[in-house]
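> As a plain string of letters, each chain reads:
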Amino acid sequence: MSPFAIVIAILGLAVLGWLSARARAMAFAAPGAPRLHSLPGYHGWYVAIWAALPALLFLLLWVPLSDRLVMDSVLGSPAASNLPPFEMQRNAILRETRELAEGLRQSSFHPEARDLALVYGSALSRYRLIGTVAALLLVFAGGAFAYSRVGPAFRARTRVERLVMLALLLASLIAILTTLGIVLSLLFESIRFFSMVSPVEFLFGSTWSPQTAIRADQAGSSGAFGAIPLFWGTVFIGAIIAMIVAIPLGLMSAIYLTQYARPVVRRWMKPLLEMLAGVPTVVYGYFAALTVAPAVRDFGQSIGIPSSSESALAAGLVMGIMIIPFVSSMADDSLTAVPQSMRDGSLAMGATTSETIRKVLVPAALPGIVGGVLLAVSRAIGETMIVVMAAGLSANLTANPFASVTTVTTQIVQLLTGDQEFDSPKTLAAFALGLVLFIVTLLLNIVALRVVKKYREAYD
Amino acid sequence: MTDRDKTGRDETGPESAKDTVRPVPVEGPSFAFAEEGEGFDKLSPNGAGAVATNFSKSPTDWDSSEMAKRIRRRYAAERRFRWVGLGAILLSAGFLALLLFTMVSNGARGFTRTEVRLDVDFASAALFLDPATLRSTGAKAALAGSDLQGVVAKAAEAQYGALGARLFSDTAWLKVLDSIEADPSLLTRSGSLWLPASTEIDVAAKGDGDPAAERAYSELGSRDSARTRFNGDFLTSADATDPAAVGIWGAFKGSLLTMLVTIAIAFPVGVLSAVYLEEYAPRNRWTDLIEVSINNLAAVPSIIFGLLGLAVFLNVMHMPRSAPLVGGLTLALMTMPVIVIAGRNAIKSVPPSIRDAALGVGASRIQVVYHHVLPLALPGILTGTIIGMARALGETAPLLMIGMRAFISTPPGGVADPATVLPVQIFLWSDEVSRGFVEKTSAAIIVLLVFLMAMNGVAIYLRNKFERRW
Numbered sequence: 171m172s173p174f175a176i177v178i179a180i181l182g183l184a185v186l187g188w189l190s191a192r193a194r195a196m197a198f199a200a201p202g203a204p205r206l207h208s209l210p211g212y213h214g215w216y217v218a219i220w221a222a223l224p225a226l227l228f229l230l231l232w233v234p235l236s237d238r239l240v241m242d243s244v245l246g247s248p249a250a251s252n253l254p255p256f257e258m259q260r261n262a263i264l265r266e267t268r269e270l271a272e273g274l275r276q277s278s279f280h281p282e283a284r285d286l287a288l289v290y291g292s293a294l295s296r297y298r299l300i301g302t303v304a305a306l307l308l309v310f311a312g313g314a315f316a317y318s319r320v321g322p323a324f325r326a327r328t329r330v331e332r333l334v335m336l337a338l339l340l341a342s343l344i345a346i347l348t349t350l351g352i353v354l355s356l357l358f359e360s361i362r363f364f365s366m367v368s369p370v371e372f373l374f375g376s377t378w379s380p381q382t383a384i385r386a387d388q389a390g391s392s393g394a395f396g397a398i399p400l401f402w403g404t405v406f407i408g409a410i411i412a413m414i415v416a417i418p419l420g421l422m423s424a425i426y427l428t429q430y431a432r433p434v435v436r437r438w439m440k441p442l443l444e445m446l447a448g449v450p451t452v453v454y455g456y457f458a459a460l461t462v463a464p465a466v467r468d469f470g471q472s473i474g475i476p477s478s479s480e481s482a483l484a485a486g487l488v489m490g491i492m493i494i495p496f497v498s499s500m501a502d503d504s505l506t507a508v509p510q511s512m513r514d515g516s517l518a519m520g521a522t523t524s525e526t527i528r529k530v531l532v533p534a535a536l537p538g539i540v541g542g543v544l545l546a547v548s549r550a551i552g553e554t555m556i557v558v559m560a561a562g563l564s565a566n567l568t569a570n571p572f573a574s575v576t577t578v579t580t581q582i583v584q585l586l587t588g589d590q591e592f593d594s595p596k597t598l599a600a601f602a603l604g605l606v607l608f609i610v611t612l613l614l615n616i617v618a619l620r621v622v623k624k625y626r627e628a629y630d
Numbered sequence: 024m025t026d027r028d029k030t031g032r033d034e035t036g037p038e039s040a041k042d043t044v045r046p047v048p049v050e051g052p053s054f055a056f057a058e059e060g061e062g063f064d065k066l067s068p069n070g071a072g073a074v075a076t077n078f079s080k081s082p083t084d085w086d087s088s089e090m091a092k093r094i095r096r097r098y099a100a101e102r103r104f105r106w107v108g109l110g111a112i113l114l115s116a117g118f119l120a121l122l123l124f125t126m127v128s129n130g131a132r133g134f135t136r137t138e139v140r141l142d143v144d145f146a147s148a149a150l151f152l153d154p155a156t157l158r159s160t161g162a163k164a165a166l167a168g169s170d171l172q173g174v175v176a177k178a179a180e181a182q183y184g185a186l187g188a189r190l191f192s193d194t195a196w197l198k199v200l201d202s203i204e205a206d207p208s209l210l211t212r213s214g215s216l217w218l219p220a221s222t223e224i225d226v227a228a229k230g231d232g233d234p235a236a237e238r239a240y241s242e243l244g245s246r247d248s249a250r251t252r253f254n255g256d257f258l259t260s261a262d263a264t265d266p267a268a269v270g271i272w273g274a275f276k277g278s279l280l281t282m283l284v285t286i287a288i289a290f291p292v293g294v295l296s297a298v299y300l301e302e303y304a305p306r307n308r309w310t311d312l313i314e315v316s317i318n319n320l321a322a323v324p325s326i327i328f329g330l331l332g333l334a335v336f337l338n339v340m341h342m343p344r345s346a347p348l349v350g351g352l353t354l355a356l357m358t359m360p361v362i363v364i365a366g367r368n369a370i371k372s373v374p375p376s377i378r379d380a381a382l383g384v385g386a387s388r389i390q391v392v393y394h395h396v397l398p399l400a401l402p403g404i405l406t407g408t409i410i411g412m413a414r415a416l417g418e419t420a421p422l423l424m425i426g427m428r429a430f431i432s433t434p435p436g437g438v439a440d441p442a443t444v445l446p447v448q449i450f451l452w453s454d455e456v457s458r459g460f461v462e463k464t465s466a467a468i469i470v471l472l473v474f475l476m477a478m479n480g481v482a483i484y485l486r487n488k489f490e491r492r493w
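Line by line, the protein sequences give chains X and D.
Taking my numbering, I'd label the letters of the first sequence as residues 171 to 630.
Taking my numbering, I'd label the letters of the second sequence as residues 24 to 493.
Please keep in mind that the hints were generated in silico from the structure rather than gathered at the bench.
Think of the CB as a built atom: it goes at the ideal place given N, C-alpha and C, for glycine as much as any other residue.
One should not assume that every hint holds.
[Stated by the list, open to error] Not the full set, but computed from the structure, chain D residues with beta-carbon under 8 Å of chain X:
1) V107
2) A111
3) L122
4) V298
5) N319
6) L331
7) A334
8) L382
9) V384
10) G385
11) P446
12) F450
13) T464
14) L471
Based on the provided sequences and hints, a complete structural model is requested.
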């Protein structure tokens, strides 16, 4: 049987186990009999878990193992002795063999594959038989053991609940594992990178040209990994241009919606603004590249500034639009959290609404607003698709918004798509950039959350 | 109630309260009412500016022209501020409208295609096919083996001159194949077929082509041999090199498989972690660590998850490249924190009295959660899940990292086959030079946006329908 069919069979048997154990437990619950400790359903679950879990775990280990065993027996067969030594051709033949044997294709391109497919097929059916028998044995052994324990005094509920608790704990550990996985994978690859390129050059060098040559004696074969232009480009687009767009628009929108707008306007406009955050970034990127970038270039040329078609301004503008809802919703929250008494006090002294907002509400809500802006910055510098599609690839250290700059995320995508050799500094540099990005966004988030939390405590 | 709260806070934390109120007194000199103070100064004969001296003055004459001017000025500033606020909102909404308008106006044409009429005399075309054999199985193979492509090219040249074959899409003969398969008797007679036009003609028909193609199109139009129809193939076929023949079904199916993997992992793990953290977790260092990492994961840039997927799933575990399985796993790690956070909020909003009541009648702690708390929190959890899934559906960068950017011309059959997804397909098409791809990209964006809106609509509906205030 194929692994999928085995899984279905195991689950089917587990259901049978559930039904029979429940029926048995029900039989104990006859009037006059000793009281059941657990409800019959728990006995059912206990048997079902014992039947299914060991067998499924076994299958999880067996499937990759049997793949390897099948491949070994194919390669060990006499028909494999005349396989070509080239790895690519060899792999192509082996892939064809597998597809032939599994019935995915009818005819083969390589003649060798036909002979190998016979060997493959027999090995596959042999190991599948072993796997099926072992899995079913496990199902019956586990099920029988559990079934034999079903009885009035047996604490099935306690056992099942203990397992549920274990599952809950394991599920919540996945978050830690993910974080650990991110940190470790970034760290390992970065350490390999820094063994080839010094960290000082990476962090403070001002030339970025990761294109390493194929031959060692070629000119410029070493590549230059000074990431300052990248950091500048990221800050320029994400933290300067985008924020110049997003802070005034987001803040004023929040002020209008919380202080002036009628409830019906607020009810419609707020989700509409939040839609800006729901649009996929690839759509923004396409919008930036298709509509905004040419307009920006024409405008730059018309006022006599050398402009590139992939300008920092175009990417920054569109990113600013994307960020508006982040700024406005944080500002909205913190403005509404300012105690009504402060607002009333100011209005009672004769200040107009705008004076109250500017002199009382905004200063009081400032920590929350600043926190929101920091979160927005962290979001903007980690944003990828807009800059990949609109910001260009040349690593310029320029303050001209009409020129092309590149960012950390653009370069990560650039370095990791296309041909990859996993030992070249070119590929590893992407992980070093990722590490820097991870640390910076993490710090921004921690600071922002601190600021917001401290401020919330003051009013709540 | 609030009064008591306030006094309580003042007693417990006078420092923090003072801190946050401070901006007002610090801003004092430029404070709104300081302007009024200046006004008093101007009115007062001795002009000392000390507040105490004002008490000896006659009361402010609010009807004086000076005061009236000042009030007018302040009201004008008020109106200006209000207009600026309204302008900011309208500008932001305007951007959204412009974005949608650009996509719709570009993309609407992507759903249509130009078709050109071709008269083919199959009887004299020497195809050596017998209609009777076509009724049996293997018709497709027999047809594909015959030289339909050549027949179409010859017929086109006969009908439209030497360059006739260039009027038709490279895949036009497949349409001929389909129509013969549908009606084998076509082989014995001549027929008039509408076939998809080549990209040049298609672009020209939409008013964007080069002069030669425009001329060819207007000539076709005058002979009544061209028409524009809804392009059903766009929704049912996969990627191709020719913009006239591309479709989004391949990418859409890839998205679907990826989302299946994502939800199969992220939803159970997310809900179980939320239950654990909210209901059972002891307050200790481990729990804090879990909470901190979940909150941080929610804020990590998506591309970092792509790096994780590349390093762990591809390079360590050797999973297949470009497969929905890997994409789904990567997106699941990204979506899980969103579900956990939404789930915790939903569970938190179930009032403790429900738990107490269940415990009181003898339920175990697990029963309390699975019989009472989770069903009540489910609408909130589902809303969060749908929003997280919508975000994952629009995500591009992490999938680029794990190689889901290959050119895939057949829809994936399973989660381990090479595939691409809708947003990545949009990205790939946006990189194409050919002009025919502009409208296809926008059309794909429209499809993606429609799905996102539908998902968000369902989330809003769920929230409105099932959300309960306790």
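> Hey, does the V107 of chain D contact hint survive, CB to chain X under 8 Å?
With Cβ-Cβ at 6 Å, under 8 Å, it holds.
> Identify whether the interface hint at L122 of chain D stands, where standing means a beta carbon of chain X within less than 8 Å of its own.
This hint holds: L122 of chain D lies near chain X, its Cβ roughly 5 Å from the closest one there, short of 8 Å.
> Under the criterion of a CB-CB separation shorter than 8 Å, is F450 of chain D in contact with chain X as hinted?
holds, 5 Å
> Holds or violated: the hint that L382 of chain D contacts chain X, with Cβ atoms closer than 8 Å.
violated, 14 Å
> Quick one, is the T464 of chain D hint okay against chain X at 8 Å, beta carbons?
Nearest chain X Cβ about 6 Å off; hint holds.
> Return the status of the interface hint for L471 of chain D: holds when the least beta-carbon distance to chain X is below 8 Å, violated otherwise.
holds, 6 Å
> Hint validation: V298 of chain D versus chain X, beta carbon distance must be below 8 Å. Holds or violated?
Hint holds; V298 of chain D Cβ to chain X Cβ min 6 Å, cut 8 Å.
> Could you check if G385 of chain D really has its C-beta closer than 8 Å to a C-beta on chain X?
violated, 11 Å
> Under the criterion of a CB-CB separation shorter than 8 Å, is A111 of chain D in contact with chain X as hinted?
It holds, given that the least Cβ distance between A111 of chain D and chain X is near 3 Å, below 8 Å.
> Quick one, is the P446 of chain D hint okay against chain X at 8 Å, beta carbons?
The hint holds - P446 of chain D has a Cβ within 8 Å of chain X, the shortest such distance being about 4 Å.
> Given L331 of chain D as an interface hint, is the shortest Cβ-Cβ distance to chain X below 8 Å?
holds, 5 Å
> Return the status of the interface hint for V384 of chain D: holds when the least beta-carbon distance to chain X is below 8 Å, violated otherwise.
Hint on V384 of chain D: violated, closest Cβ of chain X at ~14 Å, above 8 Å.
In terms of the numbered hints stated before, the structure departs from hints 8, 9 and 10, listed from lowest to highest.
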